[in-house]
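Assemble chain B onto chain A, guided by the hints.
These protein sequences, in sequence, are chains A and B.
The letter at position 95 of the first sequence is residue 96 when you use the numbering used here, and the numbering goes up by one with no holes.
The letter at position 310 of the second sequence is residue 290 when you use the numbering used here, and the numbering goes up by one with no holes.
These are computed hints drawn from the structure, not numbers from a lab.
Don't take each hint at face value.
Within a straight-line C-alpha distance of at most 16 angstroms, the following computed EDC-like cross-link-like pairs (lysine to aspartate or glutamate) qualify [said to hold, decoys possible]:
(1) Lys5(A) - Glu169(B)
(2) Lys51(A) - Asp66(B)
(3) Lys51(A) - Glu169(B)
(4) Lys51(A) - Asp262(B)
(5) Lys41(A) - Glu169(B)
(6) Lys5(A) - Asp114(B)
(7) Lys200(B) - Asp42(B)
(8) Lys6(A) - Glu169(B)
(9) Lys5(A) - Glu118(B)
Reference listing, derived: stretches of chain B covered by chain A, where coverage requires no fewer than 3 residues with Cβ under 8 angstroms from a Cβ of chain A [to be verified]:
(10) 55 to 66
(11) 110 to 118
(12) 290 to 301
Don't be surprised by glycine CBs; every beta carbon is placed ideally from N, CA and C.
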Amino acid sequence: MEEKKLTIITGTVGQDSHTIGVSLLSRFLRENGFNVVELKGLTPPEDFIKAAKETDAVAILVSSLYGMGEMDLAGFKDKCIEAGLKDVLLYVGGYLKVGRHDWKEDEERFKRLGFDRVYPPEVELDQVLEDLKEDLKKKGKL
Amino acid sequence: MKEVKFLVDLGSTFTKVVVVDLASEKVICRVQGPSTVDTDVMIGLREAIQKAKSEAGITSIDREDALASSSAAGGLRMVCIGLVPDLSLKAGTEAALGAGAKLVGSYSYELTKDEMAEIEAISPEVILLAGGTDGGNESVVLHNAKMLASSKINAVIVVACNKGAQDRVRSILENGGKKVKLAKNVMPEIGKIEVSSCREAIRDVFVKNIVRAKGIERVKEVVKEVLMPTPQAVLNAAKLLSEGVNGEEGLGELMVVDVGGATTDVHSIAEGKVIQDAIYGDLLPEPVVKRTVEGDLGVRHNIDTLLKIGREKGFLDGHDLDVAQSLTRINKLPETPEERCLDMKLARIATQVAVERHVGRIEDWYGPAGRMIVQRGKDLRGINSLIGTGGPIVFAQDPRTVLEGALFDRKRPNLLKPESPRLYLDGDYILYAIGILANLEPEKALRIAKKYLKEI
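Chain B with its partners taken away, still in its complex shape:
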C-alpha cells in the first residue's frame, strides 16, 4: 500500500491524522485524538494512528509512509533582531511568520544587557539576526552578534543581515559556541524584502534541530520525518492552491483564514498592488505570500478578548456572556445548541478582526496638491477565493456566516478586504496535510485539495 500516506499534525491540543490514497487521489479518512505532549507525545500519536488504521481498514503501515508537521510544545518559538523597526526588523518578522514561527520577541538597534537577559529568559529555539542593507550598516549587527556570542542562549541563530558583515557575524557567533545558519539578507536594499531564503533556512533548522530539542524526536519511530511547523504546512497548501503546479491550474489569488483555539492565522497569496494613483505609505512592501498571526484571537485561550470585542461591536449580548462561562475550558468542544451558536459568533469575530489586521488600508490626505490617497499594506479587494479552515469554522453550524466576516464592508471602505471572492470550506480539515504532501507530490496534492474544498 505504498500509495497510502498518513499525514499527521502533532498539534498542541489535538493530534490529527489524514489518510490519503495517492492512486485514486482520495482522502480515505481523517481522525483526531487528544495530544499528549505534556506527558509522552508517543501515546497520543500511537492512539491516533491506530484509530486511523482501523477506520481506513489498513492493518499495517510503513514508517516511510507517515509524515508529520508539528505545532506541539509551543510551536516554533522565535525571536527576531533587526536594526530599524520599520525596516530590517519588519522584514525579519515577515520571514519568521511565513516560516510558521511563533514570534516570542522582537528587538531593534543595539541590544542592551537587559534585553539580552530578557532573550535568555524567553529562551527561544531560533533567533533571526538581521540588520543593514547590503553594503549598509555593519556596526549594529556586529554589536548584536557579540552580545549573542557571550550570552547563555542555545538557540540556533539564522543570520540574514548585511552581506558585507555576514562572515564576521558568523565567526563571532561560532567563536562563542553558537549554532549558526546563514541565509540571504532579508532586506538587501531599502524597499526590497527577500523572505524565501530566510524561510528555507528556518525550515531547515526546524527539521534538523528543533524536533530533537523539543523532545519529540521519538515520533520518528512511527513517522519518517517531522517536515515543518504546522502553520507553514497550511501556508504551503495555500501557495500551491493559488499558484497551481506543472500545468495543473490553481485558484488564483486567495486568502486562507484559520481560526483556532489559541490563535487566528490569516494567509494571503496575492500581490496586493498599490491602487492606481495612490501613494504607498510604508517603507517596505509586504510579501506576496504573507501570514499574520493574531495571538489574542483564539476562541478558547483568548475567549475573554473575543467577548470584549464582541460586546463593544454589538455582536454579543448579556446572554452570550452567560453561555460563555461553560466554554472557557481550553479543550472544551461546544455541545448544546446555545454553545454552538456562541462558538460560531466568536469565530466570526475572530475572522473579522484578524482579516482587518491582515489587509491593507487607505487614508485620504489633503495637501497643497489636493486630495491624495495613501495606501499601507496589501490591497486584497480583488482576490478570487477565500478559504476557511480550523475547527471553529469547519464545524460551525453556518460556516458561510463566519467567513463573511472577512469580506469588504461598505461602511468601512478604507479597509481593503476581499470584495467578492468565491467562498470555500476546508470541510474535511485537510489543508495542513496538503501542505505536507505538496513537497512530495505537488500535482496530486493540488488535485486532492481542489476535489475536497467545498464551495459554500
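Chain A extracted, bound-state conformation:
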C-alpha cells in the first residue's frame, strides 16, 4: 500500500498577494512527496488553521512579503493551540518587517510568537525541505 502523504498548508497571509515564492515552494514540496494545500494570496490567518484542521496537516508554511506579518500573525500560535493544532509545525518567511533592521531581530521576534523556523526573503528551497524533514522526524511524523 502506498504510504499516506503528509499534508502541508501554504499561503501568503493577510493582505499580501505576492504568491510567486510560495507557489514555487509548494511545487517543490509536492515534487518531494508532500501533499500541499495551497491557499495562495490574501489568506486570513484563521483560514490556515481551518484548512490544517480539516486535512490533519503536519505543518503550516506562511509567507509574508509586505512587512505587516507581525500584525497578521499576532497570536497565531495561540490560535493553533486553541484549535487543537499544538503539534503542527509553524514556519514563516519573507520581509517580515518594514525598514532597515537586523534579520536576527526578526528571527527572535517570530520565534517568540511561536514559529519553529523563521526565514529571510531569500532562502534555498532545499534548506526548507531539509529543515522540514528534520523537524518532522523529531516529532516522529516522518
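Positioned in the frame of chain A, the structure of chain B alone reads:
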C-alpha cells in the same frame, strides 16, 4: 391513455395535480385541494385526483401513470454534521439543500453529549455525516460516528466523509444498529466541493426509507412512486431548463425564485465565476446548482418578519399593517383588492431579501498594494433568465413587480444580483411537475416547460 401523466405534489398546505399529455406535449389541466396530511393523506389526494380526472375528462387512470413529489409532513428533515464550519459542514449543507432537504440542525467538530441529546430531540429523518478531506482528519468523524452509534436516533445516516475513514465509520454505525448509506466525500480536498453523489444518496434514502417513515406510503395505492422532495423537483426543472438535453436547447444560466407560505427558495444554475482581478474570499466555492432556503421569509407562516422588514425598508405603511391582520391565517388566500395588493408587496419583499442572501457580494479592500476587490459567493449579474414560481408570485396582480425585487440595484452595486435577465412566469404552476417528468421524459419535459413559461 398511456401518454397522459398525473404529476402530484403532496404539499404541506395544498395537494396539487398537473395533468400532461406527452403525445401532444400539452398541459391538460392543473388542480389543487387542501392537504390532509394531519388526518389521512389519502383523503386530500383522492379528492385532488378526482378533480383532475373530471377536469381532464378522463374516467380512469392507471397507478403507473401517476407520480409524486412530496413536501408533506414537514418536508425532508435533515441534520448536517461536519468538522470545520466553513469547510466540510458548509459543503454538507450545500449538498443537503440541493437534495431538497429542510435543514433542522447543523453541528461541527466533536459532538458533545448535550448536542447528541439535542439531535435525538430534533429526531431528523436523515443525518449527513461529513468531515475531513480525503487523507485528512479522521479522528473527529470517528468520534462522531461513535456518538451516533450509541445514540437513540433512528435516522438514516448518509456518510460522506474522508474516504480513508469511511469503512470504519460504516462499521461503527452498523454495529450500533444504524442504517447507513455511503456517498463520496462531499469535500474531497480544500477548495473542492462534490455534491452530486451526496444528493443522489439522499434522494435514494428519501424514496426507499422516508416515504414509509412519514406514514405516507399508502399514497402508493394511487401513485406509482414518490420520487423526490418537492424542492428537489423544482431544482431538477431549473437544471433541465438551464442546461437543455439531447440537442433540445436550454435557456442558459438562470435563477428560479419560489415564494411560498412557509419559506422562500432561490435556485441558481450558474457558474457565478469570480470577477476578473477579484480575489475569492471564501475557502469553498459554491456549487453551480445551488439552492438556498429562507425559513423566515414565507408570506404566511412568517408574515411578521416580512412586515418588520417592509416597515424598516419603507416598502409598507401603517395601513398595510392593518390589512395584514386578516392575512395571518396560514391557509388564507387574499380576497379583497387591498389584501391582494399587500400580498404582492410581501412577495416582493420576500423575493428581494431571499435573492440578496443567495447571490454573492464584493467588498473593496485597501492594502499596501492599493485597492483590491474581494468576492464571496456567486456573481449572478450575467444570467440570462429569471423565473418566478410559487403562489404569491404566480397569482400576484403584477408578477413583474414582484420579480423585479430580484434584480440588480444600482444603489447597492456590491450585491451581485442579475442585471438584465429575461423575466418568466411559471404561470401554470407546473415547474415541480416538470422536475418529476425530467427523470422520465427529459426532452418532452423541457419542451413543455419552454412552451408554458410566460415571458413577462
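Comparing the hints with the structure gives:
1. Lys5(A) - Glu169(B): With Cα atoms ~15 angstroms apart, Lys5(A) and Glu169(B) stay inside 16 angstroms; holds.
2. Lys51(A) - Asp66(B): holds, 8 angstroms
3. Lys51(A) - Glu169(B): Holds, at roughly 13 angstroms.
4. Lys51(A) - Asp262(B): holds, 12 angstroms
5. Lys41(A) - Glu169(B): Judged against 16 angstroms, a Cα distance of about 15 angstroms means the pair holds.
6. Lys5(A) - Asp114(B): Roughly 11 angstroms separates the two Cα atoms, so the pair holds.
7. Lys200(B) - Asp42(B): holds, 12 angstroms
8. Lys6(A) - Glu169(B): holds, 14 angstroms
9. Lys5(A) - Glu118(B): holds, 13 angstroms
10. 55 to 66: This one holds; 3 residues, not fewer than the three required, reach chain A with a Cβ under 8 angstroms.
11. 110 to 118: n = 7 at 8 angstroms, threshold three: holds.
12. 290 to 301: violated (count 0)
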